[in-house]
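Residue numbers for the sequence shown follow our numbering, so the first one is 522 and each next one is one higher.
Bear in mind the hints are in silico, worked out from the structure with no lab data behind them.
A quick note: this is a predicted structure, and the numbers were derived from the prediction, not measured.
It is possible that some hints are incorrect.
[As the list claims (entries may be wrong)] Derived CB-CB ranges, DEER-like:
id	residue 1	residue 2	range
1	D621	G548	27 to 33 Å
2	C659	G638	29 to 35 Å
3	T681	D562	28 to 34 Å
4	M622	D666	19 to 25 Å
Backbone N, C-alpha and C define an ideal beta-carbon position, used for all residues, glycine too.
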Amino acid sequence: MKRVGCAVFLLLVATGCTTHAPARPSGQTFVVVRHGEKSNDDPRDPSLNAAGIARAQALAGLLRGEPLNAAYATRYRRTQMTATPAARAAGIAVTTYDADMPATEFAQQLQNAHRHGTVLVVGHSNTVPRIAAALCTCTVPAMGDDTFNLMHRIRVAPGTAPVLQSVRY
């Protein structure tokens, strides 16, 4: 009986004692999406229509459990309105970026500024594929002007190649 007690004690010590909290997974995740469906209220800077608002809410729901530490959108109302629900749920502000900035330069800024956690980037049909490609150093197909439901998730872990996952949402 004494040996069993010692064995149990040693097992508990070996498996149950830690001196620090488990390490969080390291690396970066970039979620790059196009803005939601736009209304026809302003030809230069339209807002989102009802479907676009619903899509922005769905995006916020998809990102709710992630460590969202930054959200970026261009200066246009439709991108700001798409990013805002997710940013608000995470308790962060939306940072405006220049849609004309070269994708490789913007990707480098994002990678340098955010070493851990999840970063949301909301862009346009002509910029999202280039930004995603620059982040994953891979080829990303062009988007149609009628595509609003494509999410590119790029995971970058230290010492490994970036991984791109593109899904409809």
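Which numbered hints fail: 2, 3
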